Amino acid sequence: MSDKFDQMLDCSGLNCPMPILKTKKAVDGMQVGQVLKMIATDPGSVPDMNAWTTRTGHELLSHEQDGDKYIFFVKKAK
Amino acid sequence: MTENTASRMAIIAAHGTMDAAYAPLILATTAAALEMEVGIFFTFFGLELLKKGKIDHLQVAPIANPAMPMPVPNIIGMLPGMTAMATMMMKNMMKKDNVSKLSELLEAAIEMKVRLIACQMTMGVMGVKREDLIDECEIGGAATFVEYASHNAITLAF
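Chains A and B supply the protein sequences, listed in that same order. Start counting the first sequence at 1; every next residue gets the next number (this note's numbering). Start counting the second sequence at 1; every next residue gets the next number (this note's numbering).
Just so you know, these hints were derived from the structure itself, not from any lab. These numbers come from a predicted model, not from an experiment. Among the hints, a few may not be true.
Think about it this way: if two alpha-carbon atoms lie no more than 30 Å apart in a straight line, the pair counts; the simulated DSSO-like pairs of lysine-lysine are [as the list claims (entries may be wrong)]: (1) B:54 to A:37; (2) A:22 to B:113; (3) A:69 to B:95; (4) B:54 to A:69; (5) A:22 to B:51; (6) A:22 to B:101; (7) A:75 to B:113; (8) B:96 to B:129; (9) B:54 to A:22; (10) B:91 to A:69; (11) B:129 to A:25; (12) A:78 to B:113; (13) B:96 to A:22; (14) B:129 to A:69; (15) A:37 to B:52; (16) B:51 to B:113; (17) B:51 to A:69; (18) B:52 to A:22.
A short list of chain B residues far from chain A (calculated; beta carbon distances all over 10 Å) [stated by the list, open to error]: (19) 8; (20) 17; (21) 19; (22) 32; (23) 33; (24) 34; (25) 45; (26) 75; (27) 98; (28) 104; (29) 105; (30) 108; (31) 122; (32) 123; (33) 148.
Beta carbons are placed, not taken as given, at the ideal position from N, Cα and C, and that holds for glycine.
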C-alpha cells in the first residue's frame, strides 16, 4: 500500500468526537481523489473512521497501528 | 448508499448540568460529521447551554446523583461548595482524557450548521430574553421541533 498522501492531519491527543470532526473538515477542503493521512491516539477512532467512511462514501484506503498511534489513509471520493 | 437510512437527527436538550450537556453536543457534531442534518431543541434547563458565556460554566451536582463516585455519603453533597468541587473534579477528569470543552463542541456545531432552536415557551416561563442567548440560535416552538423531527429523523432526548 502506497504511503503517498496530499494532506496530513494530526489528531493526537484529541478524544471523540474531535478526530472525526477534524477529518470531515479537512476532507471537505480537499479535492476529489486526494488522500488525507490522519493520525489519532484515540482507540475509538478505528471503528469511528470505518463508520465515517462507510457513511460518507469516502474511501478508507488503509489503517495501521504504530505504538499508541493509529494512522489512517482516506481518499476523497466525491 | 442505497438503503433508506435516516438523514436527519433531532435532539431535545432539556437539562443544563455539565454532564447532560455533553451528550447532545457530541452526538450532534458527530451526526453532522456523518453528513446528516441536525437540529437541537433547547428547552427548560437546556436553555442554559445557549446563554451567552454560560456553556463552559455549567455545573454538576453530586447530591442525589448516586451514580457519581464520592468517597462520602451522598447527603454530604448538600454542603456549600460540594457542587463546585464535584464540577471541578469532573472538569479535570475530562481534561485529563482530552475530552473537548463544551464551548469547543458548541462552536463546532455552529460551524457545521447544526440548527440550535431555543424553546419560546420555556424562555417565557424561565424569564430568558432573546439577548441572553447566543446570536447563532433561533427561536421556535414545539411545532417547529415536531415538524423538523418528522422527516425521517433519529430523535433523541436528553
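Structure-based check of each hint:
Note on residue 54 of chain B and residue 37 of chain A: the hinted pairing is violated, with a Cα-Cα distance of about 36 Å set against a maximum of 30 Å. The suggested pairing of residue 22 of chain A with residue 113 of chain B holds, with an alpha-carbon distance near 15 Å, which does not exceed 30 Å. Restraint check: the Cα-Cα separation between residue 69 of chain A and residue 95 of chain B comes to about 20 Å, which is no more than 30 Å; the hinted pair holds. Proposed proximity of residue 54 of chain B and residue 69 of chain A is contradicted: the alpha carbons are some 35 Å apart, above 30 Å.
A C-alpha spacing of about 26 Å is found between residue 22 of chain A and residue 51 of chain B, which places the hinted pair at or below 30 Å, so the restraint holds. For the suggested pair residue 22 of chain A and residue 101 of chain B, the alpha carbons sit about 15 Å apart, so the restraint of at most 30 Å is met. For the hint linking residue 75 of chain A to residue 113 of chain B, the alpha-carbon distance of about 24 Å falls within 30 Å, and the restraint holds. For the suggested pair residue 96 of chain B and residue 129 of chain B, the alpha carbons sit about 36 Å apart, so the restraint of at most 30 Å is broken.
With a C-alpha separation of about 25 Å, the suggested pair residue 54 of chain B and residue 22 of chain A falls inside the 30 Å cut-off, and the hint holds. The suggested pairing of residue 91 of chain B with residue 69 of chain A holds, with an alpha-carbon distance near 25 Å, which does not exceed 30 Å. A C-alpha spacing of about 34 Å is found between residue 129 of chain B and residue 25 of chain A, which places the hinted pair above 30 Å, so the restraint is violated. Restraint check: the Cα-Cα separation between residue 78 of chain A and residue 113 of chain B comes to about 20 Å, which is no more than 30 Å; the hinted pair holds.
Only pairs whose Cα atoms come within 30 Å are accepted, and residue 96 of chain B paired with residue 22 of chain A is accepted, the gap being roughly 20 Å. With a CA separation close to 47 Å, the supplied pair residue 129 of chain B and residue 69 of chain A exceeds the 30 Å bound. For a cut-off of 30 Å, the pair hint linking residue 37 of chain A to residue 52 of chain B is broken: about 37 Å separates their Cα positions. Under the criterion of a C-alpha separation no larger than 30 Å, the hint pairing residue 51 of chain B with residue 113 of chain B is consistent with the structure, at around 18 Å.
Of the pairs offered as hints, the one joining residue 51 of chain B and residue 69 of chain A is violated, with about 38 Å between alpha carbons and a cut-off of 30 Å exceeded. With a C-alpha separation of about 25 Å, the suggested pair residue 52 of chain B and residue 22 of chain A falls inside the 30 Å cut-off, and the hint holds. Remark: the non-interface label on residue 8 of chain B is consistent with the geometry, its nearest Cβ contact in chain A lying 13 Å away (cut-off 10 Å). The non-interface label for residue 17 of chain B is consistent with chain A: the shortest C-beta to C-beta separation is roughly 20 Å, beyond 10 Å.
For residue 19 of chain B, the non-interface assignment is confirmed: its Cβ lies about 16 Å from the closest Cβ of chain A, beyond the 10 Å cut-off. The beta carbon of residue 32 of chain B is not kept farther than 10 Å from every beta carbon of chain A, the shortest such distance being approximately 8 Å. Interface exclusion of residue 33 of chain B from chain A breaks down, the closest Cβ pair being 4 Å apart, not more than 10 Å. A beta-carbon of chain A is positioned within 10 Å of the beta-carbon of residue 34 of chain B; the least distance is around 5 Å.
Its beta-carbon lying about 23 Å from the closest one in chain A, residue 45 of chain B satisfies the requirement of being farther than 10 Å from that chain. In this structure residue 75 of chain B is separated from chain A by more than 10 Å, as the shortest Cβ-Cβ distance comes to about 33 Å. With a cut of 10 Å on Cβ distances, residue 98 of chain B falls inside the contact zone with chain A, its closest approach being about 4 Å. Chain A draws residue 104 of chain B into its interface by the beta-carbon criterion, the shortest separation being 8 Å against a cut-off of 10 Å.
The non-interface label for residue 105 of chain B is inconsistent with chain A: the shortest C-beta to C-beta separation is roughly 8 Å, within 10 Å. Not every CB of chain A is more than 10 Å from the CB of residue 108 of chain B (nearest about 5 Å), against its label as outside the interface. A cut-off of 10 Å between C-beta atoms confirms that residue 122 of chain B is not in contact with chain A; the least separation is 27 Å. Under the 10 Å C-beta cut-off, the non-interface status given to residue 123 of chain B relative to chain A holds; the minimum distance is some 29 Å.
Non-interface status of residue 148 of chain B relative to chain A is upheld: no Cβ of that chain comes within 10 Å, the nearest being about 21 Å off.
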